[in-house]
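Quick note on numbering that gives the first Met the number 0: the sequence shown kicks off at 0 and runs consecutively.
If you're looking for bench data, these hints aren't it; they were derived computationally from the structure.
Check each hint, because a few of them may be wrong.
Said to hold, decoys possible - Below, in silico cross-link-like pairs of lysine to aspartate or glutamate (EDC-like), each with a Cα-Cα straight-line distance of 16 Å or less: (1) Lys81 <-> Asp5; (2) Lys81 <-> Glu22; (3) Lys84 <-> Glu22; (4) Lys81 <-> Asp49; (5) Lys84 <-> Asp27.
To be verified - Pair ranges (Cβ atoms, derived): (6) Leu10 <-> Pro56: 32 to 40 Å; (7) Leu10 <-> Gln113: 33 to 41 Å; (8) Leu93 <-> Asp27: 15 to 23 Å; (9) Gly101 <-> Asp29: 24 to 32 Å; (10) Asn83 <-> Arg54: 33 to 41 Å; (11) Arg88 <-> Pro56: 16 to 24 Å.
We put the beta carbon where it would ideally sit given N, CA and C, even for glycine.
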Amino acid sequence: MEFILDVIELLAILASAYAGLIEAKRQDMDFVGLFTAATVTAFGGGTLRDLVLDRTPLFWIENYYYPVIVFFLSAFALVLFKYNKELFRRRVLLIIDALGLGLFSAVGVGIALQLE
């Protein structure tokens, strides 16, 4: 069960980070802005979840490779957005954001059930 939650959590992080990247690109941010927006959207909700459930260490500290993955996703997206303008349209943002929200909801329920 824990492996499945880890996979879903990683997919949720990727989806949420990409949603942050799309919005940052729509605001014409540079790489630092892209990375910051991706990091906040990828880790913000899960950090609050861990604080509310009194889980330590935080999930992105325990799995130290998550911020590294978001960094490389940001670098890849910077190049990708330069050549493909379709990847940061509003419709794509809504779909990716909904996917991330759904996946994070599933992970939150799974973690809450484990703590029971």
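Need the status of pair lysine 84, aspartate 27: alpha-carbon distance at most 16 Å? Holds, because 12 Å separates the two Cα atoms, which is no more than 16 Å.
Please check whether asparagine 83 and arginine 54 have a Cβ separation lying inside 33 to 41 Å. For arginine 54 against asparagine 83, whose Cβ atoms are near 38 Å apart, the range 33 to 41 Å holds.
Pair hint lysine 81 and aspartate 5, alpha-carbon separation not exceeding 16 Å: Between lysine 81 and aspartate 5 the Cα gap is close to 31 Å, so the pair fails against 16 Å, i.e. violated.
Determine whether the Cβ-Cβ distance between glycine 101 and aspartate 29 falls within the hinted range of 24 to 32 Å. holds, 30 Å
Given the hinted pair lysine 81 and glutamate 22, is their alpha-carbon gap at most 16 Å? Between lysine 81 and glutamate 22 the Cα gap is close to 15 Å, so the pair holds against 16 Å.
Could one say that the CB atoms of leucine 10 and proline 56 fall in the range 32 to 40 Å? Between leucine 10 and proline 56, where Cβ atoms are some 21 Å apart, the hint is violated.
Pairwise beta carbon distance, leucine 10 to glutamine 113, judged against the given window 33 to 41 Å: violated, 18 Å
Quick one, are lysine 84 and glutamate 22 close enough, alpha carbons at most 16 Å? Holds, because 13 Å separates the two Cα atoms, which is no more than 16 Å.
Using the C-beta atoms of leucine 93 and aspartate 27, is the stated range 15 to 23 Å upheld? With Cβ atoms ~20 Å apart, the hint holds.
Using the Cβ atoms, figure out if arginine 88 sits within 16 to 24 Å of proline 56. Because 37 Å falls outside the window, the suggested range is violated.
Tell me if the straight-line CA distance from lysine 81 to aspartate 49 falls inside 16 Å. violated, 36 Å
Of the numbered hints stated above, those contradicted by the structure are hints 1, 4, 6, 7 and 11, listed in ascending order.
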